[in-house]
Structures are given as structure tokens and as C-alpha cells.
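**Student:** The lines below spell out each chain.
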Amino acid sequence: MWLKDSSIGRKLVMSLSGLFLVLFLLFHGCMNLALVFSEKAYNTICSLLGANWYAIIGSLVIALFVLIHFCYAFYLTIQNLRARGNDRYAMTARQEGVQWASKNMLVLGICVIGFLVLHLANFWFKMQFAELTGIETSAFDPQDGAGLVKFMFAGNGAWSIVLCLLYLVWLAALWLHLSHGVWSALQTLGWSSLIWLKRIQVIGLILATLAVLPFVIVVVYYLGMGVGMM
Amino acid sequence: MDSYINIKVRVWRQAGPKAQGHFETYELKHIFQGASFLEMMDILNEQLIAERKDPIAFDHDCREGICGMCSMYVDGHPHGPDSAITTCQLHMRHFHDGQTITVEPWRSRAFPVIKDLMVDRQAYDKIMQAGGFISVNTGGVPDANAIAIPKPVADEAMDAASCIGCGACAAACKNGSAMLFVSAKVSQLALLPQGKIEAAKRAKAMIAKMDELGFGNCTNTGACAAECPKSVSLANIARLNREFICAKLKD
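Chains as they are written, first to last, in the numbering used here: chain A, 1 to 230; chain B, 1 to 251.
None of these hints come from the bench; they were simulated from the model. You may find that some hints are simply not true.
[Said to hold, decoys possible] Within a straight-line C-alpha distance of at most 25 Å, the following computed PhoX-like cross-link-like pairs (lysine-lysine) qualify:
#, chain 1, residue 1, chain 2, residue 2
1, B, Lys-204, A, Lys-4
2, A, Lys-4, B, Lys-248
3, B, Lys-8, B, Lys-126
The following block holds chain B by itself, in its conformation from the complex (with noise of 0.2 Å):
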């Protein structure tokens, strides 16, 4: 049964980009397990406040999974110890009376902190933007079922776009590696019929994106599919390299 907690909470701050970070212990009664992470964090700030002081800067936007904004790395691993989940959807449950409890940012050379628990986690969009779309002229709306497709290929496909681009992968990996998202984005249009005919400069166009923005090589640790919030798997990474080689081999 969920019951009350008391708790520490260990939390990075930081002033700013280029200010030096440290990390502060607070102290938090009376804590429901049936409450969310981010509600703790919460009636955190709603006590620094109190105190009048600076409440700590956190990403968060719809609390239910899907918009891929919240982010913290909670007791060393991103999205907190449960798996399959977004911070907002742990709970305090997972964690006991008495714990000290340590909440940092992504840290990765392209997700640079902008404050507190928020990183700058641009560096995507700009991958999305070199190649992430189909390119389709605007005008009568075809028929969804001209086309067939398998029902495991869509499936597949479905899953790969399941991706919410949070960084957790690359926040996960020891390489700072962000190819389980290029690989999920790559391969939700490859799969396709509609994304085959860009397949190859798309593979190459945000690959060389995400080497310019500074991420590391991938050596297929699979720290990312498993802490990935929506289980992303490593086959699209070995999808990602196939289509880049023989784009490659063709030139």
C-alpha cells in the first residue's frame, strides 16, 4: 500500500550555461507514493519558495508519456529506475522512507545545461530537420489504403515512430551515442514505401548532422534500448547502418 515517505533529494543547480554547477541536498516530509516524480519536484519548489529561493528548473510539458519533454537522470538512470516509462510517469512509490534520492541533467557535449535539470536539446530538432520527412507535394490527399503494406512492416514502423526524441538514449549511452534516435527516425520512414525513395540521402544527410553536432560513435552497449521510455529497438541501429553503407558503397 502506497503510504507517506520522508525523503532527500540530491539535485543538481545551476545558475546558468556557463556557470559552475553543484549539487544541493533538500529535505521533503510527508511524501505520498501515489504521487508523480514530477509532483514531488513540485512541492519541492513550492518549499524553496516558501523559503524564498530559487525553485529548481525542470523540462515537463503533457505528464502522460507522450511529449518526450521531461527529462532527469534519477538515481543513475534517465527516466528514473522503473523501465519503459518518462520521469513523469515514475512514481514515489518506487522509492522508500529514508532515501536519499540524486537527480541530475542529461550530460552529453550536445545537450548542454541551460539551467538547473533543463538541457538544450536542440541538437534533434537540427537531425530532424537535415533529413527526418518525407518530401510530398501539398495538394488532393491520396487514398491511405492505395498503397498495401504488410501488416508487420507497419507494425514495425509504428514502433520505431513510437520514438518522443526525449534524449535519453544518448543521455543513457557511455559514448554519448544519439543513434538509437536517428536509427528509430531513419527507420520509421525506410520501412515505408512512402519514405524509400529518400531513404539513402536521408540516412546520410542526418547522420552527418548528428557527427557535426558532436555525438559519439555507437558501440552497441544497448544502454539506450534499455532505458528507453518507449522500448525502442537496437535492430534499427543495424537498419541505420545498412542503409548509410550502401548509400555509401553507391556513390
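For reference, chain A alone in the conformation it holds in the complex (with noise of 0.2 Å):
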């Protein structure tokens, strides 16, 4: 199977499953963002993703995904380990151009799987698995995801603040991992010029700037309310 034993198949692996992983970045923003204008609005979306036959399908195959790039990921790094030999370089320097991102994918990878445990222990655990299985696992009422979000962003004190700057490191690194990503992405898939490489690569902050954007401004929001409230 070329996917698995060419080099370019598994870089096409990793580029369609992180492509679709930062379209799901992109509509979960949108979604969240609507706790800054609404909280109304936000729970009829929770009602609406919570244990309905489509929501579910969704979460499993994002999960599909996230299972592919990861293990995908750790496949490429220890070939790519054992390409570069046994003895290592003495002295290495940076080359001009070359973002530090670039270098680092596993690590930033790594960093957003680690903060993403924690993402679900903090949300998925206490509104869609409790609505999937009845078990209470907070004292919310799964469907209630703004009054979730509210307290643990910015109704717990001292926490909810230390939590807040968790998640702004967590975007930090996801955006970091993207800007390298979404145009590499890209380029694997072969769509890239002479004149297309400096778009791409735009282009691919720009994406990357998006999908992280929407995050980051409920985040400060709830940061500044919970701020005021102490």
C-alpha cells in the first residue's frame, strides 16, 4: 500500500488527516465563539452536537483522524531518526528562512495532544459523555455549555485563571504547529510554484491564524470577566 510505504503516500497521509483536523479547529471556533455573543446560542449548538446519531458519528471520526496524525507522526519521526545516521553533528546552526516551527512539529504535536487530555477531561467528559451515558460527572447539566465554560473559565477563582493561561500556552503551541502545517499541507499535496510557495505559505498562516483566533478571543474573554470578578 503506496499510504504506508512510500514516503510521499505517508506525507499525504499526514497532510489530508491534518487538513480535515484544522477544518474541525475552524467550525469548533465558529461554535465557540458564539459564548461571546450568546450563551443561548452556544447551548442550542450544545443541544444540537450532544449524543444525536451525527454528532456522535463526528466525534469518531475526528478522533479517526487525531488517531492517524498521531501514530502517523511517530511513524515518520523514527525514519526520519534513523535517516539521519548514527553519529550526530557537532555543531549545527540555523538557516535563514527556516522557521523553528518546522523543526519542532513533533514536540508542538505533542504539547497540543498533552493539553488536549486535559481539554477533554475538563469539557468532553462532563457534557457529551455525560449526556451519551447519563452519568453525572459535574454539576452541570450537560446541555448547560455556557454555565460549564463560565465556571471553570472564569468562576473558580485562583483556577479558573491559572486555566486560562493553560489554554493560552495550548493555542500558543496548536498555532505554532499550524503555521508550519496548514502550508506544508499543502505543498505535500503538490500544490505550490515557483510563484504559489510564497502564497502557500500565506495562505497557510492565514488558516492557521483563523482556526486559532476564535479560541483565543473566548479564552481573554472569560480571562477579563473572571479578572473582574475576583
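Join the two chains, each given in its own frame, into one complex according to the hints.
**Tutor:** Shown next as C-alpha cells:
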């Protein structure tokens, strides 16, 4: 199977799974943005995406893509480390025009996945999981997503502020990951030329920013609220 | 103005492919900054021979930047700290008095060290043999102008063809990937009508050989293009991806 056995095939899998996850982020971010405007609107979205069959299928597909992206990342990294040989360079230097993020995609990816576990425990477990299983996992009704978010990010005293800052670190790691990931994915798909190379790099930065900015806005909004409540 | 400098050179010494290598530091006095880096290496070797020591083995041939034979990883850069040149075109004016210069061989699993700074780069030849050519029957030479090729296309093919196969791309790549080399060799032919006929077959054969030889997977860091002595563009890698993916989808 060339998607596993050839280097470009493996990169294609990374590229497509990554781009799919960027689409998910854009979707997720837009829904979160509702929190800033109307808690009622956000709760309506929560009820639409709770225990409905399409929400469950969607969640499973996303989980599958995360798993593929994660497994291939390690597979590729192990192969790449082996390709470097046994002796490392004694002296390495930075090349001009080479992004730091591009050389640290695995580290950034592990940061993103690490925080993801925290995020799922904080929200998914108390929302979709609680609704699916009927188990009470928090003081909040699974349908009252806005109440939960507000409590976690603003109503929990100093912990809320710590959580907000942790989320900002997470989002920064995610942005760095995407600042290289998006254009690199497009390049792997073959969408580049002497002219388009610069363009897809800019498109990549714009998409990365668009995917992360809604989350930042929501966190900063609640951080402000939390600081005000103290 | 160029003047005379005293330097220390920290060189990787390795007796053979299987031997354990190590760094050794040599002092060199009164080196003219107008000298090329390889001339400095020659002076160092003369000094070693006078001391009845084994001279340093390193690859070199044309010494004018066209053969791709010189290699050397100088102070963290393949072909040294200057850009768009080979090691033989590097001059001592890039270094200052009292500096310690670190010189290492290319390090990549597919380029095993033969001795000291000399590495075996036959892997690139094997990739070329797998498909880096066009099949033409010998006989009457066709007129060069019989097939019209737009100037921008000819220029891009020519820029890709400027690759000298020195191996700096794989040496610079943190993944040990040879994609810039393979993409340049695929592009120089895929862009032209004579090369288009075998383009799909070529891309598949060369990538299969590249993977088989143990080169890494490209992650588009761009270190290869930044260090390339011939400034081959990353856009070629996208063309190779395109050629390969289209060829596989057609199968």
C-alpha cells in the first residue's frame, strides 16, 4: 500500500489528516465564538451536538483522524531519526528562512495532544460523555455548556485564571504547529510552484490564525470576566 | 582588506567506514584570507605530512563549483557559512583571527563515511540510475528547434538542472531526506516535452529507490533549499509530490 510504504504516500496521509483537523478546528472555533455573543445560542449548539447520531459519528471520525495523524507522526519521526545516521553533527546552525516550528513539529504536536487530554477531561467528559452515558460527571447539566464554560474559565477563582493561561499556552503551541503545518500540507499535496510557494505560505499563516483566533478570543473574554470577578 | 590569520581547525578523523571517529584540533598559522577553504585544507595536509601524520581525506575535484564533489559540513552548514556556494568557493575571509572552525563529514545513513571527511554518495547515483534519464533511440540528431518550449518553462527546467548532486540537501535536512535532489532531477525532465513521456514512471522509480536507500521523509522545513549551493527551489518538491501522487492515483 503506497500510503504506508512510500515516503510521499506517508506524507500525503499526514497532510490530509492534518487539513481535516484544521477544518474541525475552524468549525469548533466558530461555535465557541457564540459564547461571546449569547450563552443561549451556545447552549442551542450544545443541544444540537450532544447525543445525536451525527454528532457521535462526527466525534468518532475526528478521533480516528487524530489517531492516524498521531501514529503517522511517530512512524515518520522514527524513520527520519534513523535516516540521520548514528553520528550526530557536533555543530548545527540555524538556516535563514527556516522556521523554528518546522523543525519541532513533533514536540509541538505532543504539547497539543497533552493539553487535549486536559481539555477532554474538562469539557467533553462533562458534556457529550455525560449526555451519552447519563452518568453525572459535574454539577452542571450536560445541556448547559455555557454554564460549565463560564464556571471553568471565570467562576472558579484563581484556578480559572490558571486554566485560562494554560489554554493560552496550548493555543500558542497549536498556532506554531499550524503555522508550518498548513502550508506544508498544501505543498505535500503538490499545490505549489515558484509563484505559489510564497502564496501558500501566506495562506497557511492566515488559515492557522483563523483556526486559533476564535479560541483565543473566548479565553481572553472569560479571563477578563474572571479577573473582574476577583 | 584580506590579511593573514591564525586559526584552529577541529576536524572529524575516522580511519575507515567501521572505525570509531573522533575530533582532532589542529593549529594553523599565517593563513591568507584570500585563500579558498580547500587551499587551507591543503596547507593543513602539507603540515600534517611534514609532521609525518596521516593527512585528512576529503573529496574535491573541479574547485570551481560545478562538479559537486566537495562536501564538508563547516561550522554547522553544508558548504560552510556563505550562501549559494560550494565548499571550494568558500574563502577564508569568512573567518576571523583566533577562530576555531569545526569541519565534519555529511552525516546521513545513506551517506556512510569512507574516511575522515569523505562520504560515499553513490546513493544519489543509484537514484539517477533508477529513472533520472530519458530513453532516446540513437540515430539522426533531431533539430533542437523542432519542438518549441516556452522560455519560462525552459528557464525553470534549467534552474532545476543546475543541481550538481553534491548531497548538501540530505546533509542539511534534519530528516535526512533527499527530496530536493530527487525533485530537481525529476523536474528538469518533467518540465520538458522530451521528459514528459516517462514522467510518471520516472517519479515512481526514483522515489522507490530513494525510500529503499534509507533517506528520510520530507517535512518541508526548507533547510535543503537554504543550504543548496545552486539555490534549487522548494517548488520542485511540490512538483515531485504532484507527479508521484498523480501517477499513483492513475495506477
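**Student:** Each of the hints needs a verdict: does it hold here or not?
**Tutor:** Verification of the supplied hints:
Taking the CA atoms of B/Lys-204 and A/Lys-4, the gap is about 15 Å. The hint holds against a cut of 25 Å. Of the supplied pair hints, the one linking A/Lys-4 and B/Lys-248 holds, its CA atoms being roughly 13 Å apart against a limit of 25 Å. Our distance criterion of 25 Å between C-alpha atoms is broken by B/Lys-8 and B/Lys-126, whose separation comes to about 37 Å.
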